[in-house]
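Asker: The lines below spell out each chain.
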Amino acid sequence: MPAESVVSVRDLHVEFPTPVGLVRALNGVSFDVPRGKVLGIVGESGCGKSVTARAILRIIEKPGRIVGGEILFRPMRRRGRGRAGRTGDDASRVPATGSGVDGNSGAGGSASETNGVVELTGLDPGGPEIRRIRGQEISMIFQEPMTSLNPVYTVGNQIEEAILLHQTSDRAEAHRRAVEILRRVGMPNPERIARSYPHQLSGGMRQRAMIAMALSCTPTLLIADEPTTALDVTTEAQILELMRELQADFGMSIMLITHSMGVVAQLCDEVIVMYLGRVVERAPVEELFHDPKHPYTVSLLRSIPRIGVNRGERLEVIKGTVPDPYSTVPGCPFHPRCPSAIQGLCDTVLPLETQIADKPSHGVRCHLYPGSTPTEVADQNPVAAAGSTGTATTPRGGAETT
Amino acid sequence: MGELLLEVKGLKKHFPIKQGFFRRTVGHVRAVDGLDLSVNRGETFAIVGESGCGKSTSGRTILRLEEPTAGEIIYHHETLGKINVEKADSKLLKRIRPEMQIIFQDPFSSLDSRMTVGRIIAEPMVINDTLRGRELKDRVAELLTVVGLRPEHASRYPHAFSGGQRQRIGIARALALNPKLIICDEPVSALDVSVQAQVLNLLEDLQERFNLTYIFISHDLSVVEHIADRVAVMYVGKVVEVGTTDQLFYNPKMPYTEALLSALPKPDPRNRSKPTLLAGEVPSPANPPSGCYFHPRCPYAQEICKKEAPPLQDTGDGHLAACHFANELTLKGATPLTEIKAPDIITATARHQASVAASSAAQPTEASEQAGSGATS
Chain A
1 MPAESVVSVR DLHVEFPTPV GLVRALNGVS FDVPRGKVLG IVGESGCGKS VTARAILRII
61 EKPGRIVGGE ILFRPMRRRG RGRAGRTGDD ASRVPATGSG VDGNSGAGGS ASETNGVVEL
121 TGLDPGGPEI RRIRGQEISM IFQEPMTSLN PVYTVGNQIE EAILLHQTSD RAEAHRRAVE
181 ILRRVGMPNP ERIARSYPHQ LSGGMRQRAM IAMALSCTPT LLIADEPTTA LDVTTEAQIL
241 ELMRELQADF GMSIMLITHS MGVVAQLCDE VIVMYLGRVV ERAPVEELFH DPKHPYTVSL
301 LRSIPRIGVN RGERLEVIKG TVPDPYSTVP GCPFHPRCPS AIQGLCDTVL PLETQIADKP
361 SHGVRCHLYP GSTPTEVADQ NPVAAAGSTG TATTPRGGAE TT
Chain B
1 MGELLLEVKG LKKHFPIKQG FFRRTVGHVR AVDGLDLSVN RGETFAIVGE SGCGKSTSGR
61 TILRLEEPTA GEIIYHHETL GKINVEKADS KLLKRIRPEM QIIFQDPFSS LDSRMTVGRI
121 IAEPMVINDT LRGRELKDRV AELLTVVGLR PEHASRYPHA FSGGQRQRIG IARALALNPK
181 LIICDEPVSA LDVSVQAQVL NLLEDLQERF NLTYIFISHD LSVVEHIADR VAVMYVGKVV
241 EVGTTDQLFY NPKMPYTEAL LSALPKPDPR NRSKPTLLAG EVPSPANPPS GCYFHPRCPY
301 AQEICKKEAP PLQDTGDGHL AACHFANELT LKGATPLTEI KAPDIITATA RHQASVAASS
361 AAQPTEASEQ AGSGATS
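Residue numbers (our numbering), protein chains in the order written: chain A, 1 to 402; chain B, 1 to 377.
Worth double-checking, as some hints may not be accurate.
[As the list claims (entries may be wrong)] Each computed PhoX-like pair below joins lysine-lysine, with the alpha-carbon atoms no more than 25 Å apart: (1) B:Lys332 <-> A:Lys37; (2) A:Lys319 <-> B:Lys307; (3) B:Lys9 <-> A:Lys359; (4) B:Lys274 <-> B:Lys332; (5) B:Lys87 <-> B:Lys137; (6) B:Lys12 <-> B:Lys87; (7) B:Lys9 <-> B:Lys137; (8) B:Lys18 <-> B:Lys82; (9) A:Lys359 <-> A:Lys37.
It is worth saying that the hints were derived from the structure and are not from the lab.
Please construct the entire structure, taking both the sequences and the accompanying hints into account.
Answerer: Now the structure itself:
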């Protein structure tokens, strides 16, 4: 795994066996969450964004299961028994730059820990290792603050619970820290808020409480699953500003899952676009918005109303809808809706991820760009190989490898 | 334009808060508290605001799905002339209601899951007894085609459809009685981005085709800017600003509008401005603040704002604003964004695909070659 990333997801496959058929939620997802940066994951409903987040925390609902791939996680520091005299000054934490040796975790499966790198798919989802990581190293903000807070405990209690579990056993100290973190997320009267129950707070306040809870143990990685979708624009702006501030102060990495292009543009450093359980494009945010490559990304960006651009004109649409999850689309999953689908190629061969020329951080899975078919990869000569791709009807299984 | 279709004057809708053993009324939620609007024939009139500002209640009260507490709703009927909807008896209501329809936000709860799509769409015509038998069936098939579904969908149940398709069914039902006015209550909020664009295009096409007037209720300012001719901004049950889309977006007169525009997350990473953050939260409509309801959060508030509620007044060119300083403040409007261009390679292939489809002689090898050379050039 690259030294500068905190989480490295490699070829992750997740399946949900259901009575009506097998749903392949993730079909080989690979990406890295860079240290101290905000990674955005965008896509329409059903593309696998939330499943990816849940896979990292190992909280996929039954009967879903990880059937392949690995998730490597590198905590920010080696933590012995981190509950000693640690007060709230978490900004002092030094990133573990010393452990730059690439800990390419050995044969996947076992809960191997090499150079502090943990392979999460090998852990027992209810076991002590993952429970040490959840909340402490990786924490999550959910979309619906009302359903993810417990209605019978006060907000303060719920934040203290995480602190008592991971950081200190002193109740008074835990309470003090809970109030401090509530103040940090901009609660007007943190003492009073700590004593109130979730129903007594407004939507924006509840989301702040969720963020406070997620930050209470100063995690290495914060996963935010649609953190502002349920909120009004003015509240959304407050929460985005808060996340930006906290990210700068705490130096943590954020994985932001959203369907809102606006939120991505405002907050993220890098973006991956997902479609039907696959990453179709990855790029730095500036490039993704101003030089998108994948036809899906282009259509997605062009189909949102943009102020001052397409007033009164028809919006560009992506024809059709996302196929139902039980069906499998041969070839490129986007080809039935793609305006530029190449007959005989896109409907048979699954495109591999290729790099855009002289843009190492910009990858795309599309046959419009050279190096997308298995034959091309084998030949290492995209232009010459392009002629032979017409016959290269490699079976899906073959295209999946690498 | 210019011909009035609907006028709303001082419309109020208060919901009682009941407490205690005898369910005594202890207060009122002023969901809509003095709404003044005028909607012209053929236009799209948008109502925007944050949740709880009363925009949906306004829509429902205009149709008398809720009984108004006070105020007037005047509908200009083509044959019956001016009608006071709030006073109309059930007989009169039945005559004018076919002209006023509504599309709801949630396409999952607004369709009866035990009725086939055909019955759902036919129901308004059955109730009003406009068509029967064969004719009714044909009309349902026609409506399904109009909204981009297929006639054979009539025999299926709503659960077999996706969110976007269900919203189309809701639109077909609203169109069944040839309405003049459709209240669209957040019609695209529950939909995915790509489907949202399809439904917005459909609404625009239908408006042109059937000469419809829309009252478009939404919290999404980008959608409103795209579709609306005139916009009203609501805050805690009151209209605080009304203007044409251009006036309101590029020359707002009310600080709340400015804040809304600035809070909108712009889909452009080059445009990362720090929004003017509003302090605090939307006040409760059960217990609104004194004076101008916006004063506790307003960055420009002065003494007078705490005491006197500003009336909605014309600031020029029919641009109405409820602010004591509407003509003194210079407020920042929306920043126009740039268009996103499709890369040459995609448009080239799309053109190529079109020509291949036209000649119906697809040569995959040729196509991929073109793609390969296009990418390297």
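Asker: Does each hint fit the structure? Answer for all of them.
Answerer: Here is how each hint holds up against the structure:
1. B:Lys332 <-> A:Lys37: violated (31 Å)
2. A:Lys319 <-> B:Lys307: violated (54 Å)
3. B:Lys9 <-> A:Lys359: violated (60 Å)
4. B:Lys274 <-> B:Lys332: holds (13 Å)
5. B:Lys87 <-> B:Lys137: It is violated: about 35 Å lies between the C-alpha atoms, which goes past 25 Å.
6. B:Lys12 <-> B:Lys87: holds (14 Å)
7. B:Lys9 <-> B:Lys137: violated (41 Å)
8. B:Lys18 <-> B:Lys82: violated (37 Å)
9. A:Lys359 <-> A:Lys37: Roughly 19 Å between the alpha carbons, so the hint for lysine 359 (chain A) and lysine 37 (chain A) holds.
Hints 1, 2, 3, 5, 7 and 8, counting from the list given before, are not met by this structure.
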